[in-house]
Each structure stands twice: as C-alpha cells, then as structure tokens.
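Asker: Given chain A, work out where chains B and C should sit, using these hints.
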Amino acid sequence: MLNLNIRHEIKLLSRNYWFISLTIVLAALCLYSGHNGLKHFERRQVDQKQAIENHQEKEQLLQEVALAVSKGEEHSLSFRLSPTNVAIFTGQLATMPADAISKLAIGQSDLYTHQMKIAANEDLATLSFNELNNPVQLLFGNFDLSFVLAYLVPLLIIAFTYNLRSQELESGRLKLLASSPINTNLWLLQRFIIRFLTLAFILLFTIVGTIFWVGIGISGELYVFLLLTFSYLAFWFAISYLANILGYSSARNAVSLLSLWILLVLIVPTIINQAANTVYPMPSRVTLLNEIREIKSELSKKQDQVLDEYLRNHPELIRKEGENAFGYWQGYFASQEIMEETLSPLIGKFDLQLSKQQKWVNSWGFLSPTVLFQYGATQLAGTSSLNYNDFKDYIKSFSLTWRAHFMPFVFDNKSLDINDIDNLPVFEYRKSLNFSSVFINISVLLIISVLLAASGLILEGKRQIIQLS
Amino acid sequence: MLHAINLTKKYQDNLALDNLNLSIEPGDIYCLLGANGAGKSTTINLFLNFISPTSGKAIINQIEVSKDPIAIKKLIAYIPENLVLYNELSGLENLEYFIGLAGLKYPEDELIKFLQEAGLQSEAFKKRVKTYSKGMRQKIGVSMAIAKKAKVLLLDEPTSGLDPKASNEFSELLLRLSQQNVATLMATHDLFRAKETGTDIGIMKSGKLVAQLSTEEINHSDLEKLYLNHMND
Amino acid sequence: MSRHGQFKWMFGIVILLSAVAIFISHKQWQEKSLQREQAEEHAKELWLAQGSTNPHNAAHYGTFAFKPQFPLSLIDPGVEKYTGVSVFLEAHSRNEADNVAAADQTGLSRFGDLTPDFILLFIIPLMIIALGHQSVTREKEQGTIRIIKTQGISSKQLIWGKWLGNFIPIAVLTTALFTLAAVFIGEFNWKLLVSMWLIYLVYFAIINGITLIVSSLTSNSGISLVTLLAIWIGSCLALPKVASSYVNEKYPYPTRQEFESAVAEDKRKGLDGHDPWSEASKLLEKETLESYQVKKLEDLPFNFDAFRMQKGEEHEAEIYIKHNEKLKEVHKKQTKVYQNLAFLSPFLPTRFMSMAIANTDYATHWNFTDVAEKHRVEMQRILNGNFAKNSKLGDWNYKADASLLSEIPDFQFETPAFEEVISANMGNLMILGAWLFVSFGFLFLASTRI
Chain A
1 MLNLNIRHEI KLLSRNYWFI SLTIVLAALC LYSGHNGLKH FERRQVDQKQ AIENHQEKEQ
61 LLQEVALAVS KGEEHSLSFR LSPTNVAIFT GQLATMPADA ISKLAIGQSD LYTHQMKIAA
121 NEDLATLSFN ELNNPVQLLF GNFDLSFVLA YLVPLLIIAF TYNLRSQELE SGRLKLLASS
181 PINTNLWLLQ RFIIRFLTLA FILLFTIVGT IFWVGIGISG ELYVFLLLTF SYLAFWFAIS
241 YLANILGYSS ARNAVSLLSL WILLVLIVPT IINQAANTVY PMPSRVTLLN EIREIKSELS
301 KKQDQVLDEY LRNHPELIRK EGENAFGYWQ GYFASQEIME ETLSPLIGKF DLQLSKQQKW
361 VNSWGFLSPT VLFQYGATQL AGTSSLNYND FKDYIKSFSL TWRAHFMPFV FDNKSLDIND
421 IDNLPVFEYR KSLNFSSVFI NISVLLIISV LLAASGLILE GKRQIIQLS
Chain B
1001 MLHAINLTKK YQDNLALDNL NLSIEPGDIY CLLGANGAGK STTINLFLNF ISPTSGKAII
1061 NQIEVSKDPI AIKKLIAYIP ENLVLYNELS GLENLEYFIG LAGLKYPEDE LIKFLQEAGL
1121 QSEAFKKRVK TYSKGMRQKI GVSMAIAKKA KVLLLDEPTS GLDPKASNEF SELLLRLSQQ
1181 NVATLMATHD LFRAKETGTD IGIMKSGKLV AQLSTEEINH SDLEKLYLNH MND
Chain C
2001 MSRHGQFKWM FGIVILLSAV AIFISHKQWQ EKSLQREQAE EHAKELWLAQ GSTNPHNAAH
2061 YGTFAFKPQF PLSLIDPGVE KYTGVSVFLE AHSRNEADNV AAADQTGLSR FGDLTPDFIL
2121 LFIIPLMIIA LGHQSVTREK EQGTIRIIKT QGISSKQLIW GKWLGNFIPI AVLTTALFTL
2181 AAVFIGEFNW KLLVSMWLIY LVYFAIINGI TLIVSSLTSN SGISLVTLLA IWIGSCLALP
2241 KVASSYVNEK YPYPTRQEFE SAVAEDKRKG LDGHDPWSEA SKLLEKETLE SYQVKKLEDL
2301 PFNFDAFRMQ KGEEHEAEIY IKHNEKLKEV HKKQTKVYQN LAFLSPFLPT RFMSMAIANT
2361 DYATHWNFTD VAEKHRVEMQ RILNGNFAKN SKLGDWNYKA DASLLSEIPD FQFETPAFEE
2421 VISANMGNLM ILGAWLFVSF GFLFLASTRI
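Residue numbers (the working numbering), protein chains in the order written: chain A, 1 to 469; chain B, 1001 to 1233; chain C, 2001 to 2450.
Worth flagging that the hints you see were computed from the coordinates, not collected in a lab.
Check the hints yourself; a few may be wrong.
[As the list claims (entries may be wrong)] Using 30 Å as the maximum straight-line C-alpha spacing, the simulated DSSO-like pairs for lysine-lysine come out as follows:
(1) A:462 with B:1151
(2) C:2295 with C:2267
(3) A:71 with A:414
(4) C:2311 with C:2282
(5) C:2241 with A:359
(6) A:58 with C:2269
(7) A:296 with C:2332
(8) C:2399 with C:2295
(9) C:2374 with A:296
(10) A:39 with C:2336
(11) B:1126 with B:1067
(12) C:2326 with C:2336
(13) A:58 with C:2326
(14) C:2311 with C:2328
(15) C:2389 with A:301
(16) C:2326 with A:49
(17) A:359 with C:2027
(18) B:1130 with A:11
(19) A:58 with A:431
(20) A:117 with C:2267
(21) A:58 with A:71
(22) B:1208 with B:1151
(23) C:2241 with A:39
(24) C:2250 with C:2311
(25) A:58 with C:2311
(26) B:1225 with B:1165
(27) C:2241 with A:49
(28) A:462 with B:1149
(29) B:1105 with A:11
(30) C:2282 with C:2322
So that you can see chain A by itself, here it is in the shape it has in the complex (with noise of 0.2 Å):
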C-alpha cells in the first residue's frame, strides 16, 4: 500500500498547484527571513569589528609607550602604563562572537550587547548588557526564520492537510476506500507522512538554498537544527493527522486546528511566562540600586579599615617598606573587591530567582512544542538567554581576574613594562553548546508525534464512514 500511496499522493500533489505554490511561498519566506538574518548578522560583525579595531588601537599605542620607556625615552603618555590607568581606562574588550548559525534565529541578540569594556571601576551589579535599541523593534521582534519556522509553517501544515480525511469523508470517497480490504486510519496516515516527507523535502531544500545564500557552514548545529525543524512539524502534522481522524467536517477541522495553533503558539507561553514571573518574581532592581549606594558610602567612610582588611586577606600585597605609603587607589581597589563580596548575595538573588524562572519554563515549555522548537533553535544559534547568560558569567568571572591581576602593581606602585603590556589577560567566550537539552526537546516532539499517530490509528474502526445526513 506505501507504494502506492506514494505514487498515487504524488500524482496528486503535481497536478495540483500545490507543491509549485507551497515551494514557492517557502523559499519566498525563507529567502526573505534569511536575508534578514544575514544582515542582523552583518551588523554584528561589522559592529564588533569596530569594537575591536578600537581597543587594538589603544593597546597599540600603550604598546608604543611601553617599549618607548623600556628603552629608557621619556614620553608624554608614560602616565597611561600606570595599573589604575591601564586597569580602567585602556581595559579589555570582552567580546562575543557571531555564530554564522546565528542567521537562522536572531534570538535575544537584538536586547543584549555583544561587546563590553571591561574595566576595573565597573561594579559587577550594576553592568548594564543591554545594547542600545528601538524599543518598539524588540516589542515586535524580528522576521527571521525560526519565526518562519515556528508560527508560520504550522499554518502552511494546517492549510496542506486539514481536510486530507474529511475531503473523503464529505466526497463519499471514504466509502469507496473503506470498502477496500485496508486500515483506512494507516492509509490516512500514509498519506499524511508522504505529505510529511514531501513538505520536509521542499523545506530542506529551501533552508539548504538560504543557507547557501547567506553562507552557513555545515556544521553538527546545523544539523541538529534541521532535525529539530523536522521534530517540529512533525507534531503538527501528527496533530492534524488526529484532528482529522476526530474531525466530521473539514470546516470544523480547520477551525480546531487554528484554535490550537493560536494555543499552543501564543497563548499558552505567554501564559507560561506570565505564571513564571508571578511565581518567580524578580526582586527590585531598583531597590537594588540604592542598597549598592548604601555600601559604597559606608565603605568609603572607613576608606582606611577597609584597606587593613583587604591586607589581611592579601598579605601577598603588604609592601615590605610599612603599611602606611598606601594612597587613594589601594584603598579604592580594596573597597572594590570588599563591596564585590558585600553584594554578591544581593546579585546571587537575582540570578537564583532567574534560573528557577528558567526552570519553571524549561518544565511548563513542554506544554506547547513552539516553546520547544524556539528554545532549541536559539541554543543551536548561540543566541538564547542561557548562551548571553553564559556571557555575562564569562564577563563577571573575567572582571574579576582582571582586577585581580592588577593588584601587585598598584600595591607595589609599580607602572606595567613591555613584558606585563603583552600579558595581560585576555577574554575569551566560548559557546557552550548544550546539545543534551534539544535532544531532549527533539526526543519530545518526536514522541508526542508518535503518540498522537498512534492514537490516531488505535481508532481505526470507531470513526465514521458514511456522513450522517
């Protein structure tokens, strides 16, 4: 029968108009949204290109006034190899590169910036990520192809299978099918995985096209993104498979599968997100604000007990002359690195509260395979919250390094040389690629897709026939 129904639904969709109108509509979005990648991408590039051109710049020049001085010549600059001033105002650039995958799903790389000074007065509760931005493009988000993928092939599935049953049963066709020795429910279901193949056949080659277009290299990522796009319309053919099976008329098939498709697509994880921040709440940021102010300025009442402290949890840095040479910039670095640990339980509040929001969404997601398809898809992209989480904890753990590699020499007054000018730590980002998480998410998609054609064909038998006029 597979043969057959292979045959036969092929003949059927070539002289229709729809495998021309279908791939056509396809690659129209897929090129469009892929375009739209590709020049968020772009902006990126160039964007963070001019970051780092900028900061090589300054290291060039300090480069220039090292090896001046090393070479025993006065300079105008020599100032700038002072600790404070290389810590603070030259610091380190912290980047975070573009995945080419990152085309596919702009993700969260439209809210947060991707390139960051480090420098050592930065307080780390207070550093702000967000880039600079249009409020109103964030609040509508962006034409890309995980939206193309997510919201709007789910509608193109609906409109290419609600009626495949129903048709047959409104025609009287069924009648004539179910007369023959077959299971009509796995006939129906032939049809609709043929359906299946020859939609995701069209979609890979119109991804592969865009791909090709905006230039992604084959990678493992890719990959999983295709088999998590497939995972993903394979639920919704399942479902419209069993909606059809279920269904009496094609009308009503159409309208309960859009109800589901506003449901499952927006309702339920805006209703997700909602119940996590009611539960979760995220503590005042603002309050937080006047709390940092609070201990700074108590802080820097007691300038010099602070600094005895600081110096008996570094007696690394207690200058053999006496205690009593330190200035204002010990004493500032000192307060810095105490206050760091005065709030990190402040700060720690707001990470936990996120991550149990993220835990309440990771559990309540599997509620709508949207949620599942988005999640996976910007994790495969390098641009989901948890990846610029990620970014932010390699910033954090990086500012601290850097000001901990500072504090020999501004407590032994000492200006960096050629050699410390070249060693001074660098930032690196790496992509933490969770692959386990959208496997899970796949394997869940694809078992919801097998329990719903299962259901489907347990009902062999039990849904009607002949219209009941």
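Answerer: This is chains B and C only, laid out in the frame that chain A set:
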C-alpha cells in the same frame, strides 16, 4: 454467500433495521426496494462494516463481517449511488489505485481490458475523471469489481440519476457478472429495473423486510401494486 | 456543537483570559509601583544623608530619577519592558535609562505577556473573525440569502445588520474589559481611558468590516476563514516583524559601544572641567580673565575651578544633546517607516495609539530621559554655582552646608497633556480613521455584490 441473521441496527431510539433475515447465493441479484429510510442503505452499510450491528450478524462467505472486515472486503465490490473518484486522475489511474488498495497489480493492457469489459469508451481511459459523466464513473466502479474478481457486489442505488441508456447498460453488466456467479445485493428505487435485472426482490419498510419474492413469480404491474400496498399501510 | 454553544465557549475563554490578565497585571503594577516609591524615597534619604559635603563630591555621588508608573500601563504596558525605569544622575555624564525588565526574564518573554493589550490587540480580532467569517457565506451556502432577499430586505440592510450583530457583543466585551480595568486602576484620567476605549472600538470596527467584506466576497466559509486568518497573521504578526527587520536594516541605531565612544571622542576634543591644561581650558581662562578685567584667576570673585567645571558640564551636556539628537533623527526615520507600513495593517496605528495614550510608548521614554537630563544639568548648575560662589581657587576641601542638598528640587516627570498626546499621534489617528472609512466603503461595495 451473503447472509443476514436477525440483523438489527438501532440509533438511539430509532430502529433503522429490525431483525433482518436474508440470504443471497452466488448468481443471485437481490434487489432491496423501499422508500427513503426504509433501511436499505443500512443493510448495505452493515455488510460493508461501515456501521456495526446492534445485534445479529452479517455474514459473507461464512465470515462474520464485523469479526474480520479486511478479509471480507477482499471479496466484495461496492458501488454507491454516487461513485466519487479522484478527479485529478484518469479513469485508468483511478482503477489502478483502487484495486491496488486491494493488493492487486495488473499491467496496463489488462487494466484496459477491464475498462473495456465495463463498457467504457476507449477515448475516456486516459482522460481525467472530472470530465466524466456519472454513468462513466459507475462503469469504473464495475471495472473495479471485475478487476477485483469480486464474489459479492454491494450496490447502493447505483442507477439513480442515470439516463435510461446508461441505466440499461449498467443492468447488462450486472447480468454478465451474475453469470460469473457473483452474488449481488442492490438497493434501488427503480421497480422496473429491479424486475428486469433482479432474481429476487425484498421490500423494506421502516427497517423491516415486509415482503420477499422471486422476480419470476410476479409481473411488473403486480410488483408495482404490491409495492404501493406496502407503502400505503 | 451549535453556533450558539461555540460563541459561549469563546466568550467564556476570552473573559477568563481578560480577567486573569487584568488581575495579574494589577498585582504586578502595584508591586512595581511600591518598589519605585520606596526606591525614590530611599534615594532621597541617601542623597540628604551626605550632609555637609563638597558640592562636586555630591555631584559625583549623584542620585536617581525614576520613571513613574502610569495608571493605564496596566492595560497597555507598551514598550516598558524594553526601556529602563531609572536614570542615574551624576556629574559629567548623561546615563542611559537602566534596569530593563526584559533583560531580567527568560527568553520566553519575547513571546509576549498575558496582559490586557495582548487580548485586545490579538485575541479579540481573532474572535471577531471566528464569529463573523461565516455570517454571509453561511447564508449563501444554505441558500437562505434568497429567502431573506425575497422578504424585501436589501443586501445593504442585510450587511449592516450583520455588521452590527457581530460588533455589538464585541463592543460589550470591550466595554466590560475596560470597566473592569478601570475598577482595578482606581485613579486615572477619564479622557485617556475613554479615548483608549474608543481607539480599540475603532480597531474592532475595522476588523469587523474586513471580516464581513471577506465573508461577502467569498463563496464558502472555509475560504473566508482562511483568507481572514491570513490577513490577521499578516497584519498582526508578520508585518510588525517585517517592519522591525526592515527598519533595523535601513536605519540602524549605533551600538551602545559606538555611541559611547563617539560621545567620549567629542568630549575629549572639548572642554574637560577637570583638566586645566587643555586648550579649551586655557581659552576659557583667557576669556574669563578678560571679561572680568583681572590678571589672575585668584582675583576672580568666584572659584574658577568650579566655574570651569560648570562650563565643562554645559559643554558636555551639549555634546550629549547633539548625539541624542542624532539618535532621535534615526528614531524619526524609523517611526516614519512604521507609519508608512500602517497603511498595510490597522494593527500598527492601533498599537502605537494605545501605547501613546497609556504613556508607555517610546516617545514618552525619550521624554523621560530628556527631562531627567534637564534635571541633571540643573542639579549640576546649583552645585557648581554654590561651589564657585563660596570657595576660592584650589579650595577643594570646601564643604557646603547640608542645606545645599535640599536645594536640589525633586525630580518631577509630568506626562504630556491629553491634547498633546493626540496631536503628536495625529498621523496614526488619521491612518486609523482612513482604515475605518475605507473598510466601510468596501463593505458598502461588497454589499452590492451578494
């Protein structure tokens, strides 16, 4: 070949078929007459397992229909009042697909022979079905029965809406099939056709078989009187 | 399921969703409002707790300007989630508004929130489509349209009757939703609430019109439904995203890094209040000495260090204005694109109008940051003025009286008057009006074709 034993179908409080007993042997053409809603289609649908009986049994070739529907569907061919085919496919392709579903595969020249046997004019073979008349579509139905070598033919008002010529051709096809020992059960409104083609006649009313007779026992006008009598009670 | 039953279900679900949305929004609104009030008070306490201090130290210590929460943001939080709520006011630099809520949420927040505006903008239009898509096609399919026509009812009457029959329940629902919201909000400006209510009624009237036009022109309910849903997805989901992507490509904002380094570059070129050796400082020195006709800075009747700082502050403020103006230019171009696209989708003008009336649009945010900057400049002027007047050159140890701190006025952000909001959004209002007008026109035409 075809037996109904106390066959009953109830929809909520509506008795669609009431204790039907019926038996059709190979070569018989059994015509069910009756008004709309008399239970003719219900009977046929029960034999097709489209609906399941409330009580009683529908048996084809010693197999109870609801026990093994797939097995009995290998034996039967069904032609409804309005045979709907895939409009985008040709008659030949439709035939190929539907008998394919029965697990049969023939080369094209054999398929063409079946179509010829069913009396379809050869220009139509490769034309799309959407250009077909109703009579032509019914002929595809017959060609399916021929190709399937069906032992049982279930017909649900196959000639209604056909012009007299097409209707006549259809009757001839039925007769030819019955000569090949096919057992036929046909629901119809057409008394004249039933008398001409059928071997037996059953008159149904409100789900009950009220009269059963052989066409040889009765002439046209008596049949009509009998039928109207039953209808008027 | 009967038509009637379907309606009941749909209304039930939408009413439930609305009630939940309003309840949750109200709870969150109250919490945030309380947090802001407390933070504001606390900030003020901290500011005053500095006591007697050097005015410039106080300027560096700084304080915060908090954006108030407006009552109608309960109905439409607009872009609030993506804009900051507080600005740090300090010497020498204009800070961006900070603490963006979306940055503190999971990626799911980009799917949107279950707030009343979500229901008004997305769900109720869907409901109109669900209720109305078959109102004419059904009559056609069942052939009842002929019967109706033979009763002496014209197609025009039929269509307008259907229009009203479809619109009234929606209008009732909308009114109920606004009333419920009004009860929860408590204190608000009636004019704003009523005009927001009207905007949504117009939006629904347009969608109702489109629904009936499509229903009259299509031959069966299925096609009508699919067409209408395609229109809905196109105008409510796809087009705004297309607009965003297009705007981003065509008129992008600089990155924060770029923006900040451009400002820093300009600052470096100009007068630095702390740097007496720069060329600009020397020039200022010369000019000041000349205008007061004295030879030495010490002979000036005020502390020249503080005076220079104030001048530097003014100069820097100008740099900030210049760069923010540039940003606003980009923003204006972006807005233009959105407005042009509004001709393709009634969603866009409604979206913008609703945010504007709720004072949660981008313009309000700009306004807030501008007012905060003005406040910052004024704060610097007072502090530097005190410093200049009461100390001598080089007297960095000068401490002003604690009362100076309370001379700094409280930060006040008033929303623009109702008339201003309306006139600023005339474009959107006109487009919305045009949509209404055109939809009625087409409905009239469509009524002649059934």
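Asker: Need the status of pair residue 58 of chain A, residue 431 of chain A: alpha-carbon distance at most 30 Å?
Answerer: holds, 27 Å
Asker: Is residue 1130 of chain B within 30 Å of residue 11 of chain A, Cα to Cα?
Answerer: OK: residue 1130 of chain B and residue 11 of chain A at ~15 Å, within 30 Å.
Asker: With a cut-off of 30 Å on the C-alpha distance, tell me whether residue 58 of chain A and residue 71 of chain A pass.
Answerer: Measuring from Cα to Cα gives roughly 20 Å; hence the hint holds.
Asker: Hinted pair, alpha-carbon criterion (30 Å max): residue 58 of chain A, residue 2269 of chain C. Please report holds or violated.
Answerer: holds, 17 Å
Asker: Take a quick look at whether residue 2326 of chain C and residue 49 of chain A sit within 30 Å of each other, Cα to Cα.
Answerer: Answer holds: residue 2326 of chain C to residue 49 of chain A is near 22 Å, not above 30 Å.
Asker: Do the alpha carbons of residue 2241 of chain C and residue 39 of chain A lie within 30 Å of each other, as the hint requires?
Answerer: holds, 14 Å
Asker: Please work out if residue 2282 of chain C and residue 2322 of chain C have their alpha carbons no farther apart than 30 Å.
Answerer: holds, 24 Å
Asker: Between residue 2311 of chain C and residue 2282 of chain C, is the straight-line Cα distance small enough, at 30 Å or below?
Answerer: Since the Cα atoms of residue 2311 of chain C and residue 2282 of chain C sit roughly 13 Å apart, the hinted pair holds (cutoff 30 Å).
Asker: Verify the proposed pairing of residue 2295 of chain C with residue 2267 of chain C, using a straight-line Cα cut of 30 Å.
Answerer: OK: residue 2295 of chain C and residue 2267 of chain C at ~29 Å, within 30 Å.
Asker: Quick one, are residue 71 of chain A and residue 414 of chain A close enough, alpha carbons at most 30 Å?
Answerer: Distance ~17 Å between residue 71 of chain A and residue 414 of chain A Cα, so the pair holds.
Asker: Holds or violated: residue 2241 of chain C and residue 359 of chain A, Cα atoms, limit 30 Å.
Answerer: holds, 28 Å
Asker: Would the hint linking residue 39 of chain A and residue 2336 of chain C be met if the CA-CA limit is 30 Å?
Answerer: Holds - the C-alpha atoms of residue 2336 of chain C and residue 39 of chain A are around 21 Å apart, at most 30 Å.
Comparing the model with each numbered hint stated earlier shows that hints 7, 11 and 24 do not hold.
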